[in-house]
Amino acid sequence: MKISLANRIEVGLFRHKLLVLMLFIITSAFFLFQATQIRLDASFTKNIPLNHSYMKTYLKHRTNFGGANNILISVCDSNGDIFNADFFNALKGVHDKLFFIPGVDRIQVKSLFSPSTRFVEVVEDGFAGGPVIPADFQPTEKGLGVVKSNIEKAGIVGSIVADDYSCAMVKAALLEFNPDTGEKLDTLEIAEKLEQEVRQEFERDNISVHIIGFAKMVGDVAEGAKGVVLFFALAIAITAVMVYIFCHSIRLTILPILCSLVAVVWQMGMLSSLGFGLDPMSILIPFLVFAIGVSHGVQMINSVVKKVATGLTPASAAQASFRALLIPGGVALLSDTVGFLTLLSIDIGIIKELAITASIGVAMIILTNLILLPVLLSFTKIKVSAKVGQLSEQSAVWNFMASFASKGPARIILFFTAILFVVGFYQGQGLKIGELHSGAPALHESSRYNQDTFLITDRYAISVDYMSVIIETSPDACTYYDTMSTIDRFQWQMENVAGVQSAVSLSSISKIVNAGYNEGNPKWRVIPRNQQTLVQSIARVPSSSGLLNSDCSVMPVILFLEDHKADTINTVIEAVKATAKELGSEKVQFKLASGPVGVMAATNEAVAEAQLPMMLYVYGAVIALCLISFRSVRATLVVVLPLYVVSTLAQWLMTALDIGLTVSTLPVIALGVGIGVDYGIYILSTMSTKLKEGMNVHDAYLEALKERGSAVLITGLTLAIGVSTWFFSYLKFQVDMGILLTFMFLVNMLAAIIILPALSAFLWSDKGNDKKQ
Amino acid sequence: MRLLVAFAVIYFISISPVFADNTASTIAIPTPAIESPLASKSLLLDISLIGQEKLITVGQHGHILLSNDGEKWQQANVPVQVTLTNVFFLNDQLGWAVGHDATILHSQDGGLNWQVQQYLPLLEKPLFDIYFKNPQQGIAVGAYGQVFRSNDGGITWKNEFHQEMLLADDVEYLNELKAEDEAAYLDEITFILPHFNGLVQDGDSLFLLGETGLLARSDDFGLTWQQFDNFYQGSFFSLARTQTGNVLVVGLRGHVFRSLNNGSQWDEIPTNTTALLNDIVFANDERIFILGNNGMLLISTDDGESFSKRPQQDGKTLIAGVWFKGKLIAVSDVGIKVVDLSQQ
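Top line first, the protein sequences correspond to chains E and W. Under the UniProt record's numbering, the first sequence has 696 at position 696, and the numbering climbs by one with no breaks. Under the UniProt record's numbering, the second sequence has 167 at position 167, and the numbering climbs by one with no breaks.
Warning: the hint list may mix true and false statements.
Label pairs and their in silico Cβ distance ranges [unchecked claim]:
hint, chain 1, residue 1, chain 2, residue 2, range
1, W, Leu38, E, Arg448, 28 to 38 Å
2, E, Pro134, W, Trp323, 41 to 51 Å
3, W, Leu167, E, Val535, 50 to 60 Å
4, W, Gln115, E, Asp482, 22 to 32 Å
5, W, Gln115, E, Tyr426, 47 to 57 Å
6, E, Glu562, W, Ala283, 43 to 53 Å
7, E, Leu175, W, Lys325, 53 to 63 Å
8, W, Val116, E, Leu175, 47 to 57 Å
9, W, Glu305, E, Pro134, 34 to 44 Å
10, W, Ile29, E, Leu344, 29 to 39 Å
11, E, Arg448, W, Asp267, 58 to 68 Å
12, E, Ser159, W, Ile29, 36 to 46 Å
13, W, Asp169, E, Asp482, 52 to 62 Å
14, E, Lys581, W, Lys158, 40 to 50 Å
No lab work stands behind these hints: they were computed from the structure. We treat Cβ as the ideally placed atom computed from N, Cα and C, and that holds for glycine.
Same shape as in the complex, but just chain W (with noise of 0.2 Å):
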């Protein structure tokens, strides 16, 4: 799975990140979002409450829409047609979202109008995932081990480089290439991190997901990383603590792994699929439903202990969920998309 990773070494690219906050000044101004019909029907990658009675999403061509309803959309004014992949809101009114080039998006005014805050093209590395635990501190992680880290609200953002993250063998071949080739060496660190695919909050925990079965916590909001025992060799993608207090993680093919004792063990749920999961939904009963790729829906009444399958006819992508008045609604490569639920 380092397929891309190892690509990217062999033809690295000429920026560090150390630079890349100066760099992002000369790049032309980007493009704002159009209005599009199909906005809602095309693909989405994240979708989140703001409060309980209003739902916001993001996609592909800088798409940020809003809905009272989960049926009726509306488009805010976003700065950027890049692909957003993350949303998330404080409270009412502030809200942050991130996507590629390094994108990050802030609002002041519950998704109306969304001003950039981070635009990094030259980059050429996504985010996937923002969290600010209060209106001044957030963090925001992506591709190649991306953090950048804010304490004022996101007016600035620092980015860092996780070296705890890096395999045992990766950081003996850093250590040489610094000795020997200080440039190379900075090129290197670009990209040699897996990727970060989720940050998920956990009472005053932050828990990590990534590439090459990453799962990390931090109880010191990402300063520092405890790595869990390696337990799986592919990509998480979501992780959720059920209402009993167990911890669910899924990834890559339709792995699925469940812990009783907050991750000093995991045992492996059979789920009978090699769909790709993305992400875990509650509902306001006891049933837990994990999305997947080619439609793939995975239920559970019994805390995740069993997962009986559902796939959906339309075999569509379910990316995020959400459980919204009595629903489960989801966004997939064609959309909006309010999951089916009745016996098959």
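Chain E with its partners taken away, still in its complex shape (with noise of 0.2 Å):
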């Protein structure tokens, strides 16, 4: 049935040939067309676990303590202090220029000029105060003065002026609209904005200009991402040079490479069409459509070649290897697409994205390199080329490659395999899951984004890796005693938790106030007893402040912590439990989590949850590919066992590197699965054929590296050069996958061509040897 069936589309195939091109023409001018309409999608909750259960109680307060969509723009003087009238100038700049940018919360700007920064003084009949800055202000070594004093006794060191004076902040936040044109507010033209209008015009000679927040970082990785437009060109160009060194033949290089392209055409305009984005990740998926279109397409030319060289017409030799690689191929090809589709089981926006944009980018390989190109090959003027029937035949390599597939060599390999093995699988435990390095992950250490918020976190007392513990009770429990006593006790064990740094709650808040209203007098730095006394004590604390919403019924402890590394995040996370569980009760509900730390943490968690199934699913997929088209235990186990090699290997190296596991690196182990199995499938096709005709593993093994050898080879280097030119992204987590998926691409290529064979030698000898004999 099955070989009808494939006759059947053959026979269909090529005898309308014209029309099956013009079919591909017309779709590919529609899908381009559309492909030139994908539009860049960065949005904030694709990036998080919407379901788990800290991101529930994250999104159920999220409109009342957002607050995570800041922007924070420092100033600093690097010719020591901020008091001198240039500095000045160029701080209110900022403020108006940032006051301005249509979707900027005006209330909520903040800074030395804004009004609402205020000071506040004792004296014997009560309190006396005013703005910071006066409204007679006068940049003078006077005015100055009176300025830099009431900085100090407005308490603002710290958070509004740099601890050393050095530095002055502006603070914003951003509303979800663009209040002009009612429309979702675009976060990458503020962050153009905010470079363009703020950055560029107050930065010069001794006046630095430093931003930070979300909308700044997303700017910055968007811009970091059109650095792939020149990977790719590059990657084309390498893959290129490789093909023509495969084939001799400039015809055949453009080929599969042109219907590589097709494929990637196709991939992105169905994706627009859709209504897909393309976001920082999945600009990558192209390059992987790519490599893979072109490494199937080197099976189709080294098979036409080949049976050109046997004196076929370059027309019945596409026809026949179209049949040949039909199975093997699709096969390949379709595991490519389950390995991805399995990622839709991570609860993650942008991993589910990936899978999507990647399986229908591998399904459109099936159609340009399976259909295309053999039709295509068939319209052209094939000449063997002496290069390529020599590679085949170079028989020594291919020899002393096949003795492998004998006993001893194999007993060796598989010797070492598994020591290494060993060795990787007991490394690999160390694998860290979350992200190992500080700053914003996504950006390098380096990155100018990452020196602004070390510059920022320096020299304020701010910190950018916080978590917020939502305290969930009743209406106006912050007029209670018990509630705001049992917030005290918490934050303050949380204080004593290794990894935070400070913490701040409307309970700290109340103590700091009540000691205000008695002379500033530390001794009454308390939470009051009396319930009129700690109304008087909160009751200036507005809800804007992010520390209760408006019936104070949900409070936050916010705690500041060291950095957002993984071992943090977890004593952070168990201290949490822990005490909740002995604080909590009924009335009094200590909820995991908000703020940016704990999206991570939520995010870490799902991807420890989704990495075990994640790996089921996709070894699932790939044993249940290769039982159906070998029809074989035996042959299944040598395909699966050097991948899982190979995996474990993977984890040894990431733990080598410290790459953590994250939301862009765990795809990579099913993509790595997911491709790498080709090569075994495409090598085992063969030898399993020769193997049921009676030959034995060594001259099975032989005739497969005759045939597939050398197209095998070229696909493991095309592909790990379509990933490599990411080593030199300006994304952190782009070169980590690059690593990661290189080493996959290899490696998976190495352990095809080495540990099958010698796992064949055991699995298939009783056979071999006494057919020999």
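The two chains are supplied separately, each in an independent frame; assemble them into the complex guided by the hints.
Below is the structure:
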């Protein structure tokens, strides 16, 4: 049935070659148009596991404690301190500029120049105060002196002014919508404005402008992602050279590359038609699609050229190659697709989209490289290049490699493989989940954004690595001593956890305000037992502070952490859970978690939870496809075991290179397995045919090498080259993905030509030896 | 500076000090303090010497810490998590500490283990100072003119209402109220007195200092008090007699007063700061230090006739201090600090 179906397809396709070609051209034109419409998409919610319990808490209270979309701009003076006319002019300029950027919440723009920045001092008959920068401020020595003393009274050193007076801050929050247009705020546009209208305009000689915040980070990531266009061109160029070395024919070099580009165009066009956008992670998928396309194209050319060499016309050689490769090629590509689809099991939007993007891309390759390419080849005049023939007949090399399939060398290979596996397995246990480096994880530590982050966290008492524990209780709970005191105890216990730098909550503010109402006497720095006094101590804290909601039934404790490394997050999360259990009750519930580190904690947990199921699914799919196509348990084993060894070694590599298991590296493992299986399938499909014909393992492997060996080598190299260009990316996670994928592609190829035959030598040994003897 | 008082008067609380001891027994048992790595780096409110070789400090969350060198601190076993404001040791072994919720704690083993002698959260008032003149007789004072007295080493404490500390206007008002509404009167007197911020022993006398310029002396261990003529409207927080026998008193907004004649006349010493001044500390030489909020440190080398400013860079509030082995060791809102006395 299978053969007859394939036959029918084959006959149908090649009889109506021109029609098929026309269809491809029309479809390509349509998708090309669609692909040009694709937009860059960097929404925040796509990056988080929305169904995780922490994120449910986060989403539930986001409207009250949103506050995550802030912009911090630190203006610094490299000549010592900020008290000079130049600096104050620049600071005022930045403040005003930011104020007028559409989408910035104008009420919340805060700096020395905002009227809400006031000082209060205790005097004998009550309080006295005023704006830190008086209305009649002149940047003279006297005026600056007044401002300096007001800054000290206002207690804003560390928040609005740097600890060492070398910088001052302008803070702003972003709205959800652009008030001018009523449309959803374009984060990338804001980032562009911050760069062009704020930094470029006010940064000069001794004044530097440092901008951080989610919008700016996304802008920088998007900017960095644009660099991949260059890498794509580079990948195409190197691949073309590789293919040319393989086939020594410009025509044969162009065809697979063209077909693969068609697959990329179809994939992008289809994404755009389906309403998906490109994000900095899925922008890498075209590379994969292209590389996979070329690698399968090479197999096709290899087959056609060999058949032409035996005297067939290009047309019938193409047709015969289509017949020969439809099944192994189809199975290999299908297993790639399934490998990608397993990623759908991970409940993080960005990974799901990656799964869809990648599987669409690979599905397109089935059409372009298994159908379009042979059809195009059938039109082509092919001169049999002596070189291609020679490569296949390089029997010295192939003969040597074929010895891997005899028992003696196989024993040595398997022995070393076992050692590598054990060491890799042992070392790979050290694999950490989450981000292992400080700064924004998407970007390099040396990037401007991360350098600015380090400067700001260094000079101010500000941390960008914070997590909010949300306390859910009853309305007006902040007016009850018991609730506030429980929160205070929780906060204190958290402050004592290693990795927590400091913490703030309505309770801790209440204590400071209470001391303020009592002449600033530190002995009154307690939560007032008296309810009216307690109300007084919190009455002036607005809900915009992010410390309470409108009826104070929900209050967060914000924990500022030393960093967002996986170990730190785990320690703190464990401590929060334990303390919440000890202090929580029906009335006062401690819920994880909000804030950037809360999101990371949820993501880490989702990644950790997804790891095992994803591996099971991807291996399950690969095993199922092998069983179906080879109908042999032995064949399945020899394909899958080397894959597993390589996956284990990849974990070792990650541990050794300090690459954590994250949203971006987790899919790589699935991709690596899904694509890595291709080599094994190509080699084994020839081998198993020969074995069935009664050949022994050594000879069957030799035949497979002659037929597919050079193509497999070229495939591995092409794939590796395609992804290795990511090493030079501006984005840290692309570099990590590039390293891992390059490793997976190269080492899986080596495993398929070294470990696979060695395993076969033992699994088929009896039969093979019997026949030989 | 009567903000809080005024506020409390409007919303008075239905607890009479007379019944305070009885209500205490119905209150839940307090939660013991937990051992915390950051105890010595968080808000501490008093520090004191036990003998010459040991330091003790108390602060928030029921923290009591002991040290032999001022660097390594050991947390004592404390049965409350209440913020403690003051600690006093009579000798090497016997000590008392007071704090919020009118808490009085006692130790008989040099500060390692503590027992509750009084815990009255329903009073909603803190105690600020405690002094024992012998193992039996002690007196504790606090906010809203609270005075507690014990004659049995703290096993029982009795509340005293010191009417003589009332302002003249308040006396009239209270008399009227008492005639009209006995219950309202009883409520009123729980909050009408000024805060008593400190007790200072001076020979056979005791000084009491507090809110609204309160400064008084007692020769009968606090049974009766003689107030000095009012020379300042703000609060006083610390008083001390210098080596040459003159008296210094410090308080709100950088105010320092000095008397050469035991208090019959006071001269204001200019300090050029508006920081709240918390404590006076003597070095073993002629230096006198005044510790204040926002890192303010004042130094005198002329018996308090003049002070120079030496503000600490970090701006942390210096709350109390002792001179220990040639160093000024202070407590602050970020815990123990060895004060930087170098010239800047």
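Structure-based check of each hint:
| no. | hint | verdict |
| --- | --- | --- |
| 1 | W:Leu38 to E:Arg448: 28 to 38 Å | holds (35 Å) |
| 2 | E:Pro134 to W:Trp323: 41 to 51 Å | holds (42 Å) |
| 3 | W:Leu167 to E:Val535: 50 to 60 Å | violated (27 Å) |
| 4 | W:Gln115 to E:Asp482: 22 to 32 Å | holds (25 Å) |
| 5 | W:Gln115 to E:Tyr426: 47 to 57 Å | holds (55 Å) |
| 6 | E:Glu562 to W:Ala283: 43 to 53 Å | violated (38 Å) |
| 7 | E:Leu175 to W:Lys325: 53 to 63 Å | holds (59 Å) |
| 8 | W:Val116 to E:Leu175: 47 to 57 Å | holds (54 Å) |
| 9 | W:Glu305 to E:Pro134: 34 to 44 Å | holds (36 Å) |
| 10 | W:Ile29 to E:Leu344: 29 to 39 Å | violated (55 Å) |
| 11 | E:Arg448 to W:Asp267: 58 to 68 Å | holds (60 Å) |
| 12 | E:Ser159 to W:Ile29: 36 to 46 Å | holds (40 Å) |
| 13 | W:Asp169 to E:Asp482: 52 to 62 Å | violated (37 Å) |
| 14 | E:Lys581 to W:Lys158: 40 to 50 Å | holds (42 Å) |
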